[in-house]
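**Student:** Each chain, written out:
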Amino acid sequence: MQLVTTILLDGLIDASWIFIVAVGLTLIFGVLNVLNLAHGNFYAIGAYVAATVAGWYYASGDNPPAFGLVLMLGSSMLVAGILGPLLERGLLRFLYERDEVILVLVTYALFLILEDATKLIWGVNPYYAYDPYSLFGDLKVYGLTYVGYDLMLIVFAIFAGIILWLGLNRTKSGKLVLAVIHDRDMSSALGINVTRIFVIAFTIGVFLAAIGGAITAPKISVQPGLAVTVVLLSFAVVVIGGLGSIEGAAIAALVVGLSRSLAIHLWPSAELFIVYLVMALMLAIKPQGMFGAVQLRKI
Amino acid sequence: MTNTKIILAATATLAALLALGPFLPGWATFLGAVALAKGITALGLVVMLRSGLLSFGQGLFYCVGGYGAGLLMLWGDVTNAVVLVIAGGLSGLVAGLLIGPLLAGYRKIFFATLTLALSMLVHGALTKADILGGSDGLNLRPPTFFGLEQTTGLSPVFAIYALACVIAVASACLLRIHFRSVRGLLSLGVKDNEIRVEYLGTSVRRAIFENYVVAAFLAGMGGALNALVLGHIDPELAFWTTSGEFVFVAILAGQVSVVAIFVASILLELVRSFSSQHFPNAWQMTLGIFMLTVILFMPNGIGALLQRRRGSKIAQGEAP
Chain A
1 MQLVTTILLD
11 GLIDASWIFI
21 VAVGLTLIFG
31 VLNVLNLAHG
41 NFYAIGAYVA
51 ATVAGWYYAS
61 GDNPPAFGLV
71 LMLGSSMLVA
81 GILGPLLERG
91 LLRFLYERDE
101 VILVLVTYAL
111 FLILEDATKL
121 IWGVNPYYAY
131 DPYSLFGDLK
141 VYGLTYVGYD
151 LMLIVFAIFA
161 GIILWLGLNR
171 TKSGKLVLAV
181 IHDRDMSSAL
191 GINVTRIFVI
201 AFTIGVFLAA
211 IGGAITAPKI
221 SVQPGLAVTV
231 VLLSFAVVVI
241 GGLGSIEGAA
251 IAALVVGLSR
261 SLAIHLWPSA
271 ELFIVYLVMA
281 LMLAIKPQGM
291 FGAVQLRKI
Chain B
1 MTNTKIILAA
11 TATLAALLAL
21 GPFLPGWATF
31 LGAVALAKGI
41 TALGLVVMLR
51 SGLLSFGQGL
61 FYCVGGYGAG
71 LLMLWGDVTN
81 AVVLVIAGGL
91 SGLVAGLLIG
101 PLLAGYRKIF
111 FATLTLALSM
121 LVHGALTKAD
131 ILGGSDGLNL
141 RPPTFFGLEQ
151 TTGLSPVFAI
161 YALACVIAVA
171 SACLLRIHFR
181 SVRGLLSLGV
191 KDNEIRVEYL
201 GTSVRRAIFE
211 NYVVAAFLAG
221 MGGALNALVL
231 GHIDPELAFW
241 TTSGEFVFVA
251 ILAGQVSVVA
261 IFVASILLEL
271 VRSFSSQHFP
281 NAWQMTLGIF
291 MLTVILFMPN
301 GIGALLQRRR
311 GSKIAQGEAP
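Those sequence lines, one after another, are chains A and B.
In terms of the UniProt record's numbering, the first sequence opens at residue 1 and continues consecutively.
In terms of the UniProt record's numbering, the second sequence opens at residue 1 and continues consecutively.
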């Protein structure tokens, strides 16, 4: 029973931050039709900025510890507010007319550039932001001690998912975004400012990646190489869930999180490739993913 | 160009490349061999791109080819470079035959993601396979060339460069002829409209499968050549960033010229070695900026530049 609980909880904790990052990727794909290979870099930059902010805040001594976490989360807004409009307006918008392959390649180039840029700014030594990790104390679950912060991540992810779902389905601007996802040309013909929706959706996508980085920063050592693994994890989630689907991303994040924790506890050597195995199996059985739309063939 | 002219041009190119070899400095021969190995792999990508499919996991076959050749050397005690490269190509071919039927049913982003997933699967499995060296990979011994290196004092790097030249020119020449044949042109039709091609009485699935297997064979040979030049194989060969480079070479070259693929590959290797020497902390950034510049300012790739020159010659009344 203890093992089952451990696997379930570890899987849930993993799934929570993966979901937040992946849902950003799926939003960007849904609206802009760009498969963003630089998404992991936004996560990494979010984590670095949060760790730096935490470093400054906690170094100065007797500040209230909880506010540090708020600052870290707020720093992701700054990251998204700068990077989102800059990259969408400054680069991507010139390329929407081109083949989708070219856009993948552009984000690959961005991945390479941002990878070195983070190293040039923050160096190669790890950053730690462990102070907020003890904010929520420890909790006993079935005789196992869990760090409260980890369990809060689950709550945070559910909260983020609900906000995003409500924002998209119950607000006017959200419905406009859904209209653009459904049919870009028609929305534009109906007078929706598609350009604005593009900037906003891309910025929110970057924000979700960055906040994913900020909330995981206290759990990990922030160091080079984060981007390359995170982008593939969120990529797998998006593919399994169906490109552009938020509900799909939520369930797929659970699948990915649980399969990873299953592998770690029962078959450790499979940890690295279990995600790709699930992804390949999913693609082999249902290529459009769990919630993806079936595409029509042209005649 | 007629087929005879293509073969003559290829022979002349090969002769020129081989004659040039001894005058090149050591680093250039090495870089040339690596660039050709990658170019051969990217050539396979162009074969698939003609039917509208982008593989983001060609590193899989590059890796399989490298390990195929490497393991034959280490476990089978075969050191002849020609045999090893053919073995690498065949390993790629077998892997292509195995997964080709599955992939032939996929298009667009699904094809790209499934190829990516499969190559990452192999990467993950190899990292954990201790018998194959795990994440460190394996070191190879220097290959032999029918004993020529002992009798003539042939330098091993030049010998691999020569072998790479022969394979690159031969495959480019054969594919150039194939691209103009009925089956080769069929790929363009598949890209344009699959249902029409089906109604013309051919199998789209089969055409895609064939292209996929050809690409796998080429990537296998490319991987084997790369393994012999570097003397090392590791799981990174199947990592998604390796595949990304092949995609870049294929896009940089465009789809109008087979020569452009090798020009693009050499250009990429030059930029990489130049930037890693001069900006050791920012070579990836240089590579990324180079890619962006090319995509933004040369939308049709290097091949279009070559084509445009040929076009202007025709306009001036010269023979094409």
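No wet-lab data here; the hints were simulated from the structure.
One should not assume that every hint holds.
With a cut-off of at most 20 Å between alpha-carbon atoms, the simulated EDC-like pairs for lysine to aspartate or glutamate come out as follows [as the list claims (entries may be wrong)]: (1) Lys108/B / Glu194/B; (2) Lys286/A / Glu247/A; (3) Lys128/B / Glu247/A; (4) Lys108/B / Glu100/A; (5) Lys191/B / Asp10/A; (6) Lys108/B / Glu97/A; (7) Lys191/B / Glu247/A; (8) Lys108/B / Asp183/A; (9) Lys191/B / Asp99/A; (10) Lys219/A / Asp99/A; (11) Lys286/A / Asp131/A.
**Student:** A separate judgement is required for each hint: does it hold in the structure or not?
**Tutor:** Against the structure, the hints come out as follows:
1. At most 20 Å may separate the alpha-carbon atoms for a hinted pair to count; Lys108/B and Glu194/B meet this at roughly 13 Å.
2. A C-alpha spacing of about 16 Å is found between Lys286/A and Glu247/A, which places the hinted pair at or below 20 Å, so the restraint holds.
3. Our distance criterion of 20 Å between C-alpha atoms is broken by Lys128/B and Glu247/A, whose separation comes to about 33 Å.
4. A hinted pair counts as satisfied when its Cα atoms are at most 20 Å apart, and Lys108/B with Glu100/A qualifies at roughly 9 Å.
5. A threshold of 20 Å between alpha carbons decides the hint, and for Lys191/B with Asp10/A the separation of about 45 Å lies outside it, so the pair is violated.
6. A distance of roughly 17 Å separates the Cα atoms of Lys108/B and Glu97/A; the hinted pair therefore holds under the 20 Å criterion.
7. Pair hint Lys191/B plus Glu247/A does not hold up; C-alpha atoms about 32 Å apart against a cutoff of 20 Å.
8. As the CA atoms of Lys108/B and Asp183/A are separated by approximately 19 Å, the hinted pair is consistent with the 20 Å bound.
9. Note on Lys191/B and Asp99/A: the hinted pairing holds, with a Cα-Cα distance of about 13 Å set against a maximum of 20 Å.
10. The suggested pairing of Lys219/A with Asp99/A is violated, with an alpha-carbon distance near 39 Å, which exceeds 20 Å.
11. The straight-line distance between the Cα atoms of Lys286/A and Asp131/A is roughly 44 Å, outside the 20 Å bound, and the hint therefore fails.
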